Structure formats: C-alpha cells, structure tokens
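Asker: So the sequences go chain by chain: A and B.
So in the working numbering, the last one in the first sequence is 379, and the numbering has no gaps at all.
So in the working numbering, the last one in the second sequence is 569, and the numbering has no gaps at all.
Quick caveat, the hints were computed from the structure, so don't treat them as lab data.
Treat each hint with caution, since some may be false.
[To be verified] What the simulated footprint calls covered on chain A by chain B, stretch by stretch (three residues with Cβ under 8 Å from a Cβ of chain B suffice, anywhere in the stretch; the number is not a length):
#, region
1, 41 to 49
2, 210 to 223
3, 321 to 335
4, 350 to 362
[Said to hold, decoys possible] Negatives, chain B to chain A, calculated, CB over 12 Å:
#, residue
5, E185
6, L538
7, V558
Bear in mind the structure is a predicted one, so any value in this text is a computation, not a measurement.
Glycine included, C-beta positions come from ideal geometry on N, C-alpha and C.
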Amino acid sequence: MTEPQFLVRATPHLSGPESTPKIMWTVVFSLIPVVAVSFWFFGPSALLIQAAAVLGALIPEHYTGHKGSLRDGSAVITGVLLGLTLPPGMPLWMAFLGGFFGVAFGKLIFGGLGQNVFNPALLGRAFLQAAFPVAITTWPSQTGSWWSLRGDNFAWPLMSPQVVDGSTGATPLGLFKFEKQSTEFLDLLLGTTSGSVGETSGLVILACGLFLALRNYLNWRIPASICATVFSFSGILWLFDSEAFASPFFMLFSGGLMLGAFYMATDMVTSPTTHKGCWIFGAGIGFLVVIIRTWGGLPEGVMYAILFMNAFVPFINRKTQPRVFGQAPPEKRGLPFMKKGGQA
Amino acid sequence: MKLKDFFRNGVHPPEMKELTASSKTRRIPFPSEVVLPLSQHIGAPSVALVREGDRVERGDVIAEANGYVSVPLHASVSGTVSKIARGPHPNGSFSPAIFIKVDQFSAQEPRPRMIPDWHDLDTKQLLQAIQDGGLVGLGGAGFPTHVKLAPPPDQKIDVVLLNGCECEPYLTTDHRSMVEYPHRVHLGTRIMMRALGVKKAILGIENNKPDALEIMRKTVPSDLDIEIVGLNVKYPQGAEKMLIKALIDREVPEGGLPMHVGAVVQNVASVATIAEIFETGLPLVERILTVTGRGLNKPRNLIVPIGTKLRDLIAACGGLADDAAEVIMGGPMMGPAQGNLDTPILKGTSGVVVLNQAEARPEAVYPCIRCGHCLDACPVFLNPQAMGSLGLNMEYKEMQTDLHLDTCMLCGCCSYVCPSKIPLSHIFGVARAQLAAEARK
Chain A
36 MTEPQFLVRA TPHLSGPEST PKIMWTVVFS LIPVVAVSFW FFGPSALLIQ AAAVLGALIP
96 EHYTGHKGSL RDGSAVITGV LLGLTLPPGM PLWMAFLGGF FGVAFGKLIF GGLGQNVFNP
156 ALLGRAFLQA AFPVAITTWP SQTGSWWSLR GDNFAWPLMS PQVVDGSTGA TPLGLFKFEK
216 QSTEFLDLLL GTTSGSVGET SGLVILACGL FLALRNYLNW RIPASICATV FSFSGILWLF
276 DSEAFASPFF MLFSGGLMLG AFYMATDMVT SPTTHKGCWI FGAGIGFLVV IIRTWGGLPE
336 GVMYAILFMN AFVPFINRKT QPRVFGQAPP EKRGLPFMKK GGQA
Chain B
129 MKLKDFFRNG VHPPEMKELT ASSKTRRIPF PSEVVLPLSQ HIGAPSVALV REGDRVERGD
189 VIAEANGYVS VPLHASVSGT VSKIARGPHP NGSFSPAIFI KVDQFSAQEP RPRMIPDWHD
249 LDTKQLLQAI QDGGLVGLGG AGFPTHVKLA PPPDQKIDVV LLNGCECEPY LTTDHRSMVE
309 YPHRVHLGTR IMMRALGVKK AILGIENNKP DALEIMRKTV PSDLDIEIVG LNVKYPQGAE
369 KMLIKALIDR EVPEGGLPMH VGAVVQNVAS VATIAEIFET GLPLVERILT VTGRGLNKPR
429 NLIVPIGTKL RDLIAACGGL ADDAAEVIMG GPMMGPAQGN LDTPILKGTS GVVVLNQAEA
489 RPEAVYPCIR CGHCLDACPV FLNPQAMGSL GLNMEYKEMQ TDLHLDTCML CGCCSYVCPS
549 KIPLSHIFGV ARAQLAAEAR K
C-alpha cells in the first residue's frame, strides 16, 4: 500500500461555514439597496462620492496593509460607509481624503484589521467635519435635471467650491434645531428629505440591517439598544414639552441614526463582544445622540456618540465578562472585574 | 415528548453519521500483530508482567494495575510477546508498549475461567472485579471505571447518568452499542446502580438516533428506574458537565467533578462492557469502534481487539480513498490527528475518522475581528476571544488567573465558529500544557 502523506492538524478538524471575508463582503453587498436608494435620490453625485471615498480607502490599505488584505473587504466597507455619510454636493477630493484618512489613521496605524479602536469610516468623517466644516454641512437640493450634479463635485483641491445661491436645503434635524420646523414622518421613512447621501431612507437601512442581523453578521442587541434608548429618552422629553423637544419618531428616523445604529455601531471590531456589553454600548450611544441633538451645538450627534462609546469598548468588555459555568456566586469571588455576573 | 438541550451556546457541526449509522458491527480477521501501550487510561500506567517470547492467551493479564487509579492490561489476542519497547501512541509520543505477534493458528479462545455471579458480590468485590476486568471509560478520556464507582463516603450520589449522546460528528459507536446490545447497557446500569447504592438512572440520547431511543425504551427492565430522555442535537452535549446540566439541571462547580453534584456519568459503550465482563468472563480485550469518513472506501462499525493498528482497520474498511487527507483517532472535534498508521487503538478510542481533501482543506487565517461568535459558542461561558489574544502573546498565567483557562474543556466550539479561523482551542491546549510543565518544575 503506498501511503499518502497525512495532514496532522490541531483539533477541531472541522471548521464552520463562516469566514471573515465572507462576513465583510456580505456587509458590502447588503449595502447595495442603500446605495441604490442614494442614487435614486441624489443622482450621479451619490455614486461619485462613494466611489471617491472607496478609492481613498483602498489606496492606503493596498500600499501599507498586510499582503492581500484588500481581498478581505474591510477597506471597501469603510469607503462605502463613509461615502454614505457625506453630503451629495461635496467635492470629490474631500471624500477621497476622508476615506484615506479613515483607513490610514483609523485602522492601519493601529495594526490593520481587527486592531483599531475607533470605527474607521466615522473617524474619516470626523476628520472631514473638522477640516471642512462648511462643505460637510452644505446640503444642496436638486436644481437641474436628475442627471445634473448636486453641487460642485469636481472642484479642484483646496479651491472653494462654487455654491449656487438659494439651492441649499437644510436637513430635517437642522430645520428642527435652527428653525423649529418639523418634517413629515413619511418623508423621513422613505428618505425624500435632504441629508447625507445614504442616511435619509430609514426604511431601507432597517431592512438591510435586519438581513444582516438574521445572518448573525451584526449583533442585533446594539441597534435594538440604541433605538430603544433614543426612543424612550426623547419620548420622555417630548412628553415633558412637545414644543421644545422633537418627537421620538422624528428622533429615530432623522439624520444618520438608522445608518449609525445598524452599520456603524455594529462594526464588530469596535463594538463589545459580550451581549450585556452590547446593551450598555447601545444605551450609551442612544443617550449621547439625544443629548447632542437636543442641547449640543450641532444638529446631529450620531457620529460623535459612536466614536465616544468606541473608546469605552475595552472597558465595557472587561466589566461584562460572562459568568463562567460552575463559577461560585460573585460575592465569594475576589476578582475585581468579575463582580457583575451572568451573560445576558 | 419534551426534548431537552443543555443550555444556550454550543455548535451544530454536520453530523455525518449516516455513513455508518445502520452498519451492523462485525468482527474482522485478527491482525498479524497488536500493540498494547501500557498507558491507556488516566492514572499510573500499568506494569508489564510478561517478557519477550512469552506465550499469552486472549484475556491473560499482561500488565498489572499500578496503584488504585490504574487498571491491568490484558492480552487482546493469543500469540507471542514479540517485544516490549516504545511504540507509537495516539497522543503522538512513543511510549512503552507490549507488542504481541498473533498466533495465526490459534482458535483465539480465552482460557476457561470462573465467571462470578455479580448478585453474590458485595460492593468491594464488585469494584475489584471491575478493576480486574481492566475497565475504563470508552468515551476517550479513559477514566478507570472502578474509581468512578467508588466516590468518597462524604459525597452523596443520587443519580447515575448514562451518556448516549455521542455528540461528536461521524461516530456511531455508542449508537450501535445501544441498538445491538441494549440488554448489556441495562445490565451494566443495574450493576453500576448496585455498586453506588443509587435508585435512579437517566439515559440521555440525542434525537438523531430515533432507533436507539426506541430500542432502549422497549427493553428497559420493569424493575429498574431508568428514565430515557431524548435530547436536542447539539455539540458538545456528550461532555459530562453539559449532560448533567441537560438531564438534571445541576452545574458542576468550577474545578469540581460530577460527584460534587451527586451524579456519576458513564457513556453507554462503557456501561455495556461492565455487563460484558460478568456475562462472558472476558476482560476488556475488544471494543466496538466506528471506522468512517469520506476518505475511506467502506466505512463500517467493527468489533476489534484493543491494540489493532490503524493500518489494519483501514484495510478492513476497503482501504483509503484516493483523496484521503487526514486520519483522526476519536471524533473530528476533539480527536488527535495521526501521522503514523502503525499507531494502535486504545481502550478509549471511540472511532477512527478519515477526512478527505475537501474536508481537511487548510483555511486562511485572518486577524481577530472581535465578532464575539466564540463567546456565543462556548458551552462554559468563557471568553475565547480575550484568552486567544492573551495566548498569542504567551500570557498564559493571566489566562489562568483572570479568564478561567482551567474550566475550558478544549471542546473546540470556539475554533469551529471562528470566522477568522484562529485555532483558539489549540492555543488553549498549548497554554495548559505550558502551565502544567511550569508547575512540574
């Protein structure tokens, strides 16, 4: 009998059906409806912005990331997600820079995939918000045909983009904050408002997010916790004074809350690993969103809320270690970070 | 019928039991040589009594128990001791073993012996007979049965749990034991209950074995309180702690044993061997074994002498398929891979699985993305993600003190679900071995 060379591998010899590239690419493909809707509402500008952001994200990953790390799809997610959070009229070079910054300084300097503390897409957006505060809060509305660009997308780098007077429309949150105007709930649900490219249609994002949650590619506890907190906290305020405070439904479906709750906060790398931690993480984001939107200087606070809570993730993980099988009740144990028991 | 399962978490690997589930166990011609390692159980290895050139008959004692937590070893074939030397052991080492050249003209009849009637024996004699029979758990760990049946007097045992889960994919050893030898399982249970002074037994069978459930229910003696429970299929339900949780909802304390919650767990194949020594008088010299996998031409269930080499088993099952890639002793989740086909099966070897190339394909490893799937899979609620990153930095001490490394059963659920294909349970095994080596210094 001629014997083949046998493999001698570590146990277990079987491995499950999931793989990291499969998760990443499924997230990318789940965003197709969101991208399609953004194209429908904002025309070619929406696709241009996202293409620029993706390109910006891919370049540092290709040149300085681990070999072959483009194939795992994580840089594409960062680019698409960043693109979805930008206004349609933004100059493309800024979107490119945002993607570049997000991946290079949000992920690669920490050591690449899995090592980053902050969500790279949001870090890229935070950078743009700090660097170009005007461009990122200019919300041009459709002036010409559907095919026309929604702003000066092709402005040269470091030149001020030309803005046609009177063609800007504020976002629902901006309208509410600065002019005390509320928006029709149906418009918020369908996305027929002004706003960032991909954040306007709450319904489509909800459907795509649910798909991912069913596949167990995102932890449903995070969006559930964010939405429940935002709804109840803003609901209490609204019951207290329905004139001064926005209604909870408005809070849920305006701005980037849905996109943030389902796609940004649930980034596996920058969210807690324990179930209990996910509830706490989501609740923290929800509170911060309502606080920033209601009392902060900005109309929108999802980005800062998530980035802020990202910083707490290692701490939350440590505080919410599951109770180990057969472990004595917590009082009898001396380990300081094991005080709270029970995997939720 | 209410189906139980042990708790949250756990995994569902493909069962693959259909390859051999309906194959009746059969004997194969005796091989030309068997290898009997002296260390086949937990505890001190047996001490060889024979010398090179000695003639032995099937069932003769060839090595005696070395202390209380140890059992004797018996010749599994009639023949001549060809050498006593280091030989391949399934754990990957070369360890002392007795090689017996099989007498091709022998009838392989054991010597006539007196078979004691177990009714007449008191507990002490019963346990002695079980130790003399060389009985250990057949599920893999190989814990001596007589030790399990003699808990310290301050531990009150109130229930015997019989493990018919066989949660490892591919294996059908326990399944066939139940289907073909239900009376032995029941008799073995009766003897165990007598030895422990327990009135109640519960047999847990995963419901992917409906025939076993039916036969065991039909054959249970009317005077014996054996409850037969169908369990949802889930790996690792056959682990002692998980089975106790599933059947009687008690949690074995950390670092504790089943007896600390008043239970004794034994798998059904081992229970059947208890009955066997009082039925045939023959000690543990052969066992039921599943030889299976898509890398084999004819997977089947066999009854083979202990010490049969992998090579002979594979030959008896139609030989290797063209794309055979990996030979595993035990189940594919926890059994070690074998590189040497001269390795013999032990008393505790519950199966031989040959994977083909498609199943054994090496997968690309990615960095941990902290998805937390391993936390959702761990049946003992550890944090494999945090332990894995500590382990890769060789911070073994912290894994033990902060993250309960010692509670890990190395069941492999975390590695199975990991999308980045990080060999988590392997890292934990290495960490444990390293800590044990440091402690010995």
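Asker: For each hint, tell me whether it holds in the structure or not.
Answerer: Results of checking the hints against the structure:
Only residues whose C-beta sits within less than 8 Å of a C-beta in chain B count toward coverage, and the region 41 to 49 of chain A has 9 of them, enough to reach three; the restraint holds. Coverage of the region 210 to 223 of chain A by chain B is violated. Counting CB-CB distances below 8 Å, 0 residues qualify, and the rule asks for three or more. Taking a C-beta to C-beta cut-off of 8 Å, the region 321 to 335 of chain A contributes 0 residues in contact with chain B, too few for the three needed, and the coverage statement is violated. With 8 residues having a Cβ less than 8 Å from any Cβ of chain B, the region 350 to 362 of chain A passes the three-residue criterion, so the hint holds.
With a minimum CB-CB distance of about 31 Å to chain A, E185/B clears the 12 Å threshold, and the non-interface call stands. The beta carbon of L538/B is not kept farther than 12 Å from every beta carbon of chain A, the shortest such distance being approximately 7 Å. Listed as a non-interface residue, V558/B fails to keep its Cβ farther than 12 Å from every Cβ of chain A; the least gap is roughly 9 Å.
This entry does not satisfy hints 2, 3, 6 and 7, going by the numbered hints stated previously.
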